[in-house]
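Participant: Guided by the hints, dock chain B onto chain A, whose structure is given.
Protein chains in written order, with the working numbering: chain A, -4 to 166; chain B, -4 to 166.
None of these hints come from the bench; they were simulated from the model.
Please read all numbers here as calculations on a predicted model, not as lab measurements.
Just so you know, not all the hints are guaranteed correct.
Note: identical chains are not told apart, hence a pair may lie in one copy or across any two.
Calculated cross-link-like contacts (lysine-lysine; reagent style DSBU-like; alpha-carbon spacing at most 35 Å) [said to hold, decoys possible]: (1) K81 <-> K10; (2) K65 <-> K10; (3) K159 <-> K128.
Number of protein chains: 2
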Amino acid sequence: MNQTIETINKRRSCKAFLDKKVPSDIVNEILNAGTKAPSALNKQSASIICIENEDVLNDLRNKLKDFIGKDPLYGARTIAIVVADKNSRCPVQDGSCVLENMFIAATSLGIDTCWINCLHDYFATEEGNSFKKNVLQLSDDQITIGTCAIGYRSNNEIIEKPRKENYIRII
Amino acid sequence: MNQTIETINKRRSCKAFLDKKVPSDIVNEILNAGTKAPSALNKQSASIICIENEDVLNDLRNKLKDFIGKDPLYGARTIAIVVADKNSRCPVQDGSCVLENMFIAATSLGIDTCWINCLHDYFATEEGNSFKKNVLQLSDDQITIGTCAIGYRSNNEIIEKPRKENYIRII
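With the rest of the complex left out, here is chain A (with noise of 0.2 Å):
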């Protein structure tokens, strides 16, 4: 078995992040594995919206735990929002393979992420969607994908998951 394939089987979401900053050259290699995603006819309708500052991050942590009732973002120092254009071919398709890319990016790093999903219900409400235009400087057309949550884990115990029976059929 080859690198590659041996960190795609190795990817785990990570649901605890230790209070550590991963650099950002590393952070920028993650980025920059999401854009080589495909997309349908080329169009490359993602954007990644990354959150560093500190500030920012922990205005919008906040602002989550109010929403769900605890850090959705499991203590990150970083993440990384891909949103789409909502009148492109295949928006969430699009989307997510740069999401996927950035998750065995980083753990071909030794990196460990999570996929949130909860920061697109949170933009559906009032205060999201302003927080969306004003902070984050996104149209109504760009809608949210899913987001990367970029960390060093805190606990060691990974647990493989089984895969479902009959994933694959082949006829």
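Facilitator: Only chain B this time, still in chain A's reference frame:
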């Protein structure tokens, strides 16, 4: 740059395949990498239907040719259709990550791929829906996310598509 990130960087869609089948053990490695994708709440809402059987694939290819006027599979001798349960939290995201894993794993093995979108549209027709139900044995709840055509590139000219400006914004 490590091998995984190099592989992510060099993945390119293939629009013309040789008339040469990829051996099943290599195809299986690609499909297995697909199953390692993350999924919302670990529901594993996606499934992979791989068509290697020549008669079934050519029947589908001819139907698709009639539907869109050319072979949308670019001559590929193997395809992996990713479907997902429409009642799950994020079926399109889940299935897209399965596809991206397969694209990256294939690239790492020297195999070429292309994301094919038109099966979704074809399966929405009466004839296509009948093929989906009766030949592929898929239920109405299983929606088509995308298809991975698998083969060997017939043309070695790989053109790097430049990424758009402002793909990444850091706050």
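Participant: If a hint holds in the structure, say so; if it does not, say that too.
Facilitator: Hints versus structure:
1. K81 <-> K10: both (29 Å within a copy, 26 Å between copies)
2. K65 <-> K10: So K65 and K10 pass the 35 Å test inside one copy only (12 Å; across, 47 Å).
3. K159 <-> K128: between (40 Å within a copy, 22 Å between copies)
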